[in-house]
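S.K.: The working numbering applies: residue 1 is where the sequence shown begins, and numbers increase by one.
If you are wondering where the hints come from, they were derived from the structure by calculation, not from laboratory data. Hints are not guaranteed to be accurate.
List time: in silico SDA-like cross-link candidates among lysine to any residue, alpha-carbon distance up to 20 Å [as the list claims (entries may be wrong)]:
{"hint": "1", "residue 1": "129", "residue 2": "150"}
{"hint": "2", "residue 1": "10", "residue 2": "25"}
{"hint": "3", "residue 1": "10", "residue 2": "39"}
{"hint": "4", "residue 1": "104", "residue 2": "83"}
{"hint": "5", "residue 1": "129", "residue 2": "100"}
{"hint": "6", "residue 1": "7", "residue 2": "41"}
{"hint": "7", "residue 1": "104", "residue 2": "68"}
{"hint": "8", "residue 1": "129", "residue 2": "101"}
{"hint": "9", "residue 1": "104", "residue 2": "76"}
{"hint": "10", "residue 1": "2", "residue 2": "44"}
{"hint": "11", "residue 1": "7", "residue 2": "34"}
{"hint": "12", "residue 1": "129", "residue 2": "111"}
{"hint": "13", "residue 1": "10", "residue 2": "68"}
{"hint": "14", "residue 1": "104", "residue 2": "132"}
{"hint": "15", "residue 1": "2", "residue 2": "12"}
{"hint": "16", "residue 1": "104", "residue 2": "80"}
{"hint": "17", "residue 1": "2", "residue 2": "33"}
{"hint": "18", "residue 1": "10", "residue 2": "37"}
{"hint": "19", "residue 1": "7", "residue 2": "20"}
{"hint": "20", "residue 1": "129", "residue 2": "108"}
{"hint": "21", "residue 1": "7", "residue 2": "68"}
{"hint": "22", "residue 1": "2", "residue 2": "37"}
{"hint": "23", "residue 1": "129", "residue 2": "147"}
{"hint": "24", "residue 1": "104", "residue 2": "47"}
{"hint": "25", "residue 1": "7", "residue 2": "44"}
{"hint": "26", "residue 1": "2", "residue 2": "34"}
{"hint": "27", "residue 1": "7", "residue 2": "18"}
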Amino acid sequence: MKINTLKMVKEEGMCACSGGIIGMGETWEDRLDMAISLAELGIDSIPLNALMPIPGTPLEHLPRLSEDDILRTVAFFRYINPLANIRLGAGRALLTNDGETAFKAGASATITGNMLTTVACATIRSDRKMLNHMGRDIKPEYMTDEEAAAIDARAEQA
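Build out the structure end to end from the sequences listed, making use of the hints.
M.R.: Right under this line is the structure:
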């Protein structure tokens, strides 16, 4: 069903977003199959989430992924999906420097705050600081520095 929906979205000329959660007991071959399937569907945006096992849930017993596993996954998703936005989602707490190395491995975007995650990620301010440190300006061209600062301030208050 989901694959048919994604195909229809692409046929209508819309951008498609689909990804997954890694660290749920899958094999490296399973991850590779997912990356290839998303490439074959022409997915534009691929959120990659690393499972954060939470006590009291059915997957609480699973080990947390290593940083190396996450970075390798990001790298081969980038290689197989060279034009897609590879988005870091849940599990960034498993990465050093808020995931800066993941951007060097091939990630191109991030999900910030706790909007889509169970365990809060970095703040908008810390993400902007990290990306600016890497030489990436994430402020849209139409936004002034003052408007960007106001967004950061509101995010810190939330």
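S.K.: Please go over all the hints and tell whether each is borne out by the structure.
M.R.: Here is what the structure says about each hint:
1. 129 to 150: Holds: residue 129 and residue 150 sit about 15 Å apart, inside 20 Å.
2. 10 to 25: violated (30 Å)
3. 10 to 39: The hint holds at about 12 Å.
4. 104 to 83: holds (15 Å)
5. 129 to 100: Answer holds: residue 129 to residue 100 is near 11 Å, not above 20 Å.
6. 7 to 41: Within the cut-off at roughly 7 Å; holds.
7. 104 to 68: At roughly 13 Å apart (the allowed maximum being 20 Å), residue 68 and residue 104 satisfy the hint.
8. 129 to 101: holds (14 Å)
9. 104 to 76: holds (12 Å)
10. 2 to 44: Holds - the C-alpha atoms of residue 44 and residue 2 are around 15 Å apart, at most 20 Å.
11. 7 to 34: Between residue 7 and residue 34 the Cα gap is close to 15 Å, so the pair holds against 20 Å.
12. 129 to 111: Given pair residue 129, residue 111 holds - Cα atoms ~15 Å apart, limit 20 Å.
13. 10 to 68: Violated, at roughly 33 Å.
14. 104 to 132: With a Cα-Cα distance of about 14 Å, the restraint between residue 104 and residue 132 holds, given a limit of 20 Å.
15. 2 to 12: holds (15 Å)
16. 104 to 80: Holds - the C-alpha atoms of residue 80 and residue 104 are around 16 Å apart, at most 20 Å.
17. 2 to 33: holds (16 Å)
18. 10 to 37: Holds - the C-alpha atoms of residue 37 and residue 10 are around 14 Å apart, at most 20 Å.
19. 7 to 20: holds (17 Å)
20. 129 to 108: Given pair residue 129, residue 108 holds - Cα atoms ~15 Å apart, limit 20 Å.
21. 7 to 68: violated (33 Å)
22. 2 to 37: holds (12 Å)
23. 129 to 147: Holds. Residue 129 to residue 147 sits at ~16 Å (cutoff 20 Å).
24. 104 to 47: holds (16 Å)
25. 7 to 44: Holds, at about 12 Å.
26. 2 to 34: Satisfied, since the Cα-Cα distance of roughly 13 Å is no more than 20 Å.
27. 7 to 18: Holds, because 11 Å separates the two Cα atoms, which is no more than 20 Å.
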